[in-house]
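Protein chains in written order, with the working numbering: chain B, 1 to 175; chain S, 176 to 733.
Hints listed in this document are in silico derivations from the structure and should not be mistaken for laboratory results. Certain hints may be false.
[Said to hold, decoys possible] So, partial list: chain B residues that the calculated Cβ filter (under 8 Å) puts toward chain S: (1) Ala92; (2) Ala115; (3) Arg130; (4) Gln135; (5) Pro146; (6) Leu158.
Note that the Cβ used here is the ideal one computed from N, Cα and C, for glycine as well.
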Amino acid sequence: MPLLDRTGALDDPWVLIEDGATGTASHTLVTFDAWPAAIAIPSRSLKLGVLVPNTLDAAALRAHFAALELIAITFPSYGDGRGFSVARRLRAAGYTGRLRARGPLIADQFRYALACGFDEIELPEASAARQPVSQWLAQIEAGVLPYQRGYAPGGNILDARRAARKALREDSANV
Amino acid sequence: MYRYDEFDSAFVRARVEEFRGQVARRLDGSLTEDEFKPLRLKNGVYLQLHAYMLRIAIPYGTLSAVQLRQLAVIAERYDRGYGHFTTRQNIQFNWPKLRDIPDILSLLADVEMHGIQTSGNCIRNVTADHFAGVAPDEIEDPRAVAELIRQWSTAHPEFSYLPRKFKVAVTGAARDRAVTAAHDIGLRIVRNAAGETGYTVLVGGGLGRTPMIGKVVRTFLPKADLLAYLEAVMRVYNLEGRRDNKYKARVKILVHEIGVEEFRARVEAEFAGLDGPGINADPAEVARIAAYFAPPAYAKLPATSTKLAARRASNPAFAEWVAVNTAPHVAPGYAAVTISLKGIGEAPGDITAVQMRAAADLAGRFSFNETRVTHLQNLVLPHVRQDDLFDVWQGLIASGLATANVGLITDIIACPGLDYCALATARSIPIAQAIAHRFADQARQRDIGELNIKISGCINACGHHHVGHIGILGLEKRGEESYQITLGGDATETAAIGEILGPGLSANEVPDAIERIVGVYLAQRYSGESFIAAVKRLGLAPFKAAFLVAPGAHHAAA
Numbered sequence: 001m002p003l004l005d006r007t008g009a010l011d012d013p014w015v016l017i018e019d020g021a022t023g024t025a026s027h028t029l030v031t032f033d034a035w036p037a038a039i040a041i042p043s044r045s046l047k048l049g050v051l052v053p054n055t056l057d058a059a060a061l062r063a064h065f066a067a068l069e070l071i072a073i074t075f076p077s078y079g080d081g082r083g084f085s086v087a088r089r090l091r092a093a094g095y096t097g098r099l100r101a102r103g104p105l106i107a108d109q110f111r112y113a114l115a116c117g118f119d120e121i122e123l124p125e126a127s128a129a130r131q132p133v134s135q136w137l138a139q140i141e142a143g144v145l146p147y148q149r150g151y152a153p154g155g156n157i158l159d160a161r162r163a164a165r166k167a168l169r170e171d172s173a174n175v
Numbered sequence: 176m177y178r179y180d181e182f183d184s185a186f187v188r189a190r191v192e193e194f195r196g197q198v199a200r201r202l203d204g205s206l207t208e209d210e211f212k213p214l215r216l217k218n219g220v221y222l223q224l225h226a227y228m229l230r231i232a233i234p235y236g237t238l239s240a241v242q243l244r245q246l247a248v249i250a251e252r253y254d255r256g257y258g259h260f261t262t263r264q265n266i267q268f269n270w271p272k273l274r275d276i277p278d279i280l281s282l283l284a285d286v287e288m289h290g291i292q293t294s295g296n297c298i299r300n301v302t303a304d305h306f307a308g309v310a311p312d313e314i315e316d317p318r319a320v321a322e323l324i325r326q327w328s329t330a331h332p333e334f335s336y337l338p339r340k341f342k343v344a345v346t347g348a349a350r351d352r353a354v355t356a357a358h359d360i361g362l363r364i365v366r367n368a369a370g371e372t373g374y375t376v377l378v379g380g381g382l383g384r385t386p387m388i389g390k391v392v393r394t395f396l397p398k399a400d401l402l403a404y405l406e407a408v409m410r411v412y413n414l415e416g417r418r419d420n421k422y423k424a425r426v427k428i429l430v431h432e433i434g435v436e437e438f439r440a441r442v443e444a445e446f447a448g449l450d451g452p453g454i455n456a457d458p459a460e461v462a463r464i465a466a467y468f469a470p471p472a473y474a475k476l477p478a479t480s481t482k483l484a485a486r487r488a489s490n491p492a493f494a495e496w497v498a499v500n501t502a503p504h505v506a507p508g509y510a511a512v513t514i515s516l517k518g519i520g521e522a523p524g525d526i527t528a529v530q531m532r533a534a535a536d537l538a539g540r541f542s543f544n545e546t547r548v549t550h551l552q553n554l555v556l557p558h559v560r561q562d563d564l565f566d567v568w569q570g571l572i573a574s575g576l577a578t579a580n581v582g583l584i585t586d587i588i589a590c591p592g593l594d595y596c597a598l599a600t601a602r603s604i605p606i607a608q609a610i611a612h613r614f615a616d617q618a619r620q621r622d623i624g625e626l627n628i629k630i631s632g633c634i635n636a637c638g639h640h641h642v643g644h645i646g647i648l649g650l651e652k653r654g655e656e657s658y659q660i661t662l663g664g665d666a667t668e669t670a671a672i673g674e675i676l677g678p679g680l681s682a683n684e685v686p687d688a689i690e691r692i693v694g695v696y697l698a699q700r701y702s703g704e705s706f707i708a709a710v711k712r713l714g715l716a717p718f719k720a721a722f723l724v725a726p727g728a729h730h731a732a733a
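Okay, chain B solo, but in the shape it has when bound (with noise of 0.2 Å):
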């Protein structure tokens, strides 16, 4: 399925396997159900990624993150934004591998899913028809800090208030 991130369309490179085998793919997403019989095979030289349900408690997964090259995260509906607080829990838990959101997500919540430390979106295929890729890298050209502090890597508004007044009192110390 089309697959994009902050750079534009990607080619995906994984293969999600549902049957429990790991297959012969270079890069291997199993269910999470699969997830403890791919892990324990030995000897494992192939990438693996899991797929998981919104409902994930981020703590089940934290001994593996190592082993984990993606987690992908489904959003069974653009409205169910369960999958954002998923992924802020896997990020504060220390997952740094890449962050997959895979459901029908509209462009519009692409900032937000970027905010809440997601690395890619895929998408159906009658979503990515509907909405260009341009209209996804307009959300985010757009430049406009958000309120939050603790979200978005760019900034925001409290701490550029907080900047603008250092810098303020430098001036005014240097006068």
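Following the hints, position chain S against chain B.
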């Protein structure tokens, strides 16, 4: 009051352009109607019975004269010359065209206003005590924290697709005038034993089809921890709140189902794991916002005005209005004036463009250019010199705004109901009008004293009927409107949900039923005892007995 800096302005401007783009993408088919819906809702745009409705936020109810004049311009240019104040300190325009809405939002941005998050499954407009900053019983002005929460909750990356809507109210006074116990989060500013101010945090209050009084999850939250604590509450709700049934999706249901102890434990566990310093606003930012709410430059005046006393002595109608529509003020020689938008026979909360300008002019001349919007659907001039009250009253008379009924039986809350609303199951406004006509006699109203009637035209309870001393809920039964009457609701710090008195009534039976209920009170009250105090003392039984008398029967018995 708060003024936007360059960041706030840029944000709201960008939001207007974003909505313009969303409308365009809807029109070119990029977005389905289903996908467009939450986007328009988050900008306050509803599709109603007859037209689109635009709901505009008046954060914590503070509205400048300039902003009120701009609302008058919008009412005249894009609506039918009036607007409607809601129970959540918003104003609604009922007749705008979708294609005009981006331009209306642009006019609002010109005066630092918006419709952001006045609808949708997100954190809604933050409300507060309408006497904030002027109430003598206040610990601290709640508007500074309300503004901080407004900013923090705006376009929140994590909490914009919640299970359901989420409402926050703040009070800083002993008397709760913000109905904090009926909000998803209610914050009460309190002082601890060490003399520090912080917040008592209530979660899980709400009205609607399952009314609940909020539970205390934190008795004292230090001020500095607020945003991290809110993030913890919201994350628990976002992850755990029910999404299988929209009628069970509010946080009140989660708190009820798992219990307040378990809810508290989950919030505290989440809060303990958060990077507080990385989330909370720094004290300089909090101080920056608070400075905007510093008191205006009051004149040094004697506590009482001899000019006012003389006018009251010589003009009974003026004396009546002063007694009913003014409230004590923290500054000596000043009063807070409530402008009733409940003229007998008018639609509660409606105001014409001409009246908006008149109120704005009075605010300019007599109240430091400031007005407030109350959840009771009235306007307030918060800082009027007692010496000027007579001039204010004369100005209000000229605009049809001098009704002296604040807090009385004809100061009725009513939602728009079936006359406008797509959700309504019955009319609200005509019921309010009929009751107001029945009790219009001023001496009789004053004799009855404080009595809050609140009317909702459907189970969603926008008219707050559950917390009305007398609540009226309009339903539809077998194609007929049917009105269910409740008694004993309380919207203050002693919040309570009213109890149903008996079977539903037809619209034309309602005024008689109210009359019978009031009759029990008048017959059984102690000297000086208010209606709600009498209800609490007497219990439901005598009122129920009077209520259940068959229509017409009480005349025969008399």
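To see whether the hints hold, each was checked on the structure:
1. Ala92: holds (7 Å)
2. Ala115: holds (4 Å)
3. Arg130: Holds: closest Cβ of chain S sits about 5 Å from Arg130 of chain B, inside 8 Å.
4. Gln135: holds (6 Å)
5. Pro146: holds (6 Å)
6. Leu158: Result: holds, 6 Å to nearest chain S Cβ.
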